[in-house]
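Peer 1: First to last, the sequence lines map onto chains R and E.
Residue numbers 1 to 287, in the UniProt record's numbering, belong to the letters of the first sequence in order.
Residue numbers 1 to 395, in the UniProt record's numbering, belong to the letters of the second sequence in order.
Calculated from the structure, these hints are not laboratory results.
All values reported here derive from a predicted model rather than from experimental measurement.
Nothing false has been slipped in among the hints.
Looking from chain R toward chain E, a few residues come up when the C-beta cut is under 7 Å (computed):
no.: 1; residue: P175
no.: 2; residue: E177
no.: 3; residue: I178
no.: 4; residue: E180
no.: 5; residue: A181
no.: 6; residue: A183
no.: 7; residue: I184
no.: 8; residue: D185
no.: 9; residue: G186
no.: 10; residue: V196
no.: 11; residue: P199
Every residue, glycine too, gets a C-beta built ideally from N, C-alpha and C.
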Amino acid sequence: MATKEETLASEKRRKTIMSVVLAVICVIYVLPVVAVVINSFKLNTFVKTDTFALPTSESFAGWDNFVNGMTFGNYPFWKSALYSVIITVSSTFLILLCCSMAAWYIARVNSKFCKVVYFLCVFSMVVPFQMVMFTLSKTADTLDLNTPWTIPIVYLGFGAGLAIFMFVGFVKSIPLEIEEAAAIDGCGPVRTFFCVVLPMLKPTLISVGILEIMWVWNDYLLPYLVLDINEYRTIPIHIQYLKGSYGTVDLGATMALILMSIIPVIIFYLACQKHIIKGVAAGAVKG
Amino acid sequence: MAEVSFKHIKKVYPNNERKSRKGRGAKAERPANVTDEGVLVVKDFNLDVADREFIVLVGPSGCGKSTTLRMIAGLEDITAGEIAIGGKVVNDIAPKDRDIAMVFQSYALYPHMSVYENMAFPLKLRKLPKDEIDRKVREAAETLGITEYLDRKPKALSGGQRQRVAIGRAIVREPKVLLMDEPLSNLDAKLRNQMRAEIIKLRQKIDTTFIYVTHDQTEAMTLGDRIVIMKDGIAQQIGTPHEVFDHPANLFVAGFIGVPQMNFFDADLVRTGDSYVVRLGGFEVAPSEEKQGNLRAKGVGSQKVTLGVRPEHITLATPDMPSLTGTVDVSEMMGSSVHLHMSSLGQDVVAVVNTMDATDPTVAHRHNVGESVNYAFSGNAIHLFDKQSGTNLEF
Chain R
1 MATKEETLAS EKRRKTIMSV VLAVICVIYV LPVVAVVINS FKLNTFVKTD TFALPTSESF
61 AGWDNFVNGM TFGNYPFWKS ALYSVIITVS STFLILLCCS MAAWYIARVN SKFCKVVYFL
121 CVFSMVVPFQ MVMFTLSKTA DTLDLNTPWT IPIVYLGFGA GLAIFMFVGF VKSIPLEIEE
181 AAAIDGCGPV RTFFCVVLPM LKPTLISVGI LEIMWVWNDY LLPYLVLDIN EYRTIPIHIQ
241 YLKGSYGTVD LGATMALILM SIIPVIIFYL ACQKHIIKGV AAGAVKG
Chain E
1 MAEVSFKHIK KVYPNNERKS RKGRGAKAER PANVTDEGVL VVKDFNLDVA DREFIVLVGP
61 SGCGKSTTLR MIAGLEDITA GEIAIGGKVV NDIAPKDRDI AMVFQSYALY PHMSVYENMA
121 FPLKLRKLPK DEIDRKVREA AETLGITEYL DRKPKALSGG QRQRVAIGRA IVREPKVLLM
181 DEPLSNLDAK LRNQMRAEII KLRQKIDTTF IYVTHDQTEA MTLGDRIVIM KDGIAQQIGT
241 PHEVFDHPAN LFVAGFIGVP QMNFFDADLV RTGDSYVVRL GGFEVAPSEE KQGNLRAKGV
301 GSQKVTLGVR PEHITLATPD MPSLTGTVDV SEMMGSSVHL HMSSLGQDVV AVVNTMDATD
361 PTVAHRHNVG ESVNYAFSGN AIHLFDKQSG TNLEF
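The task is simple: from the sequences and hints, build the whole structure.
Peer 2: Take a look at the structure:
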């Protein structure tokens, strides 16, 4: 039989091995981001040859890549950034508002219709975008949903599945008595939702909000297929257009713009990290 | 401040709806009330509650008491019948327009609002001026002793404090009718006793009609002006605490009201001319004159009956007195009294023996398990029930 010391030693060994394995996995995950950061400060020629090397006095490009990236071509970068912000904010707002209301109705009204809607929402999560993208972009064109002001409606349709699924799980965990108390206190359904239910949904609102913001902000394919590219570009599309003639790409400038586009999301994620974990758990535990 | 009247109230849950109501599944498993229509939860309920009366609906789980209360609140539809508050039929009026307030078992406070905001919320919705809201909230908080917690969120309060806030939110509006749905059930025993006393005090301070639902007969007896005892959706008896305790209408009421529960024996009621005597196991007891008069008036003849005797009305006897014999199974020391659980006449019999009465030599004696004990009861303390229907023969 193993002595106490032996057990402790093997436990310690096991922990050390686990730490090493996890550290390696972390490095693998972080490596692409590190590569982007390093290369955004390197001259274009060095990006291809010494991809993982730190910038040297020879290869260091300073802020040139950022300036080049933003001034490249005839489409201003600030416009892409503005459209990205508009689309992300309005889509997320629309998804949060409409899906929380729909989820409240689905969770509280016990009808066959609600069950069908709920199952459709859950089902929509397993349908890959690629399967519907051409019919969707055609439909969006027909319905004039191809501008930054109307594309949030397409995002609402696509984001509703996950959002409703998460909201329904959370609404079900809210005791019905609270809403009944509100009804007796003098609230109609609209006021009950906005004064009582919505504030209680805060953790889920934040976690769904983060997920949707990350998705919409980084999304390339949907705006590329739906929007009129000559007129409206988002940041991911703008980066794609950094290609010069004959297929030459300014990789340094590309890296610089990628870095600029991920920084807001990373800051936002770090700021709300506490809530996303709490929110996901809050929605998932009771369903 | 209003009277509430129930006329032939009936509530049926369609079968599918009933099954789907989560958290109330216990009721759904009762097949006795299932009809083609659905599950019959409340059946022909009639009651007139006077202005400022304190009515308690009491009964076991699934008896329809909470459903009845929720129908007054407007949280449940009424299948048939009429509910009127202050003379106005409210069947089709929304909960917010009924001028009622309700206290829930689970407190149902708004978790994102402070205590002050919780209490001010119904007043804000009624668009009262700010200074008036402030005055009313502070008054109610003062009454309930929660002034110091006004800035806290509900999660920072204990169960008792939360229930006070819930009561505060209800009384701050000065509703016509105050509904309470098992408000003390979530509290521990000590706090429950304390809150019960506070509800009695509160009742003296505010002029409103109270309708209170509980499954605890002690709460019912101590709080109510009148008690409605319900079973399977039917009001079994409506009366003052004294009436239901001293003159239970049937076996269910007799068994439900009183702790420990009433003892029931199979006995023979023998009528000889105009006088009655009850016989069981060689022991005879004559009902009191008043009871005999009631039996005569009802024309009750000799028959087999169920005899009910409350444990506190059983007295210990010496072997030379006419008495019944039992063997002590369990002796529970309760402080001022001892509950003796005995086997007698092939069943369990419980007697409450007062330990403070030192003049009674039989009490001073400790009763050991397995010991034989003689006991008796007087003709004043007995209740006679019909063997088949279970109704009180005097009624």
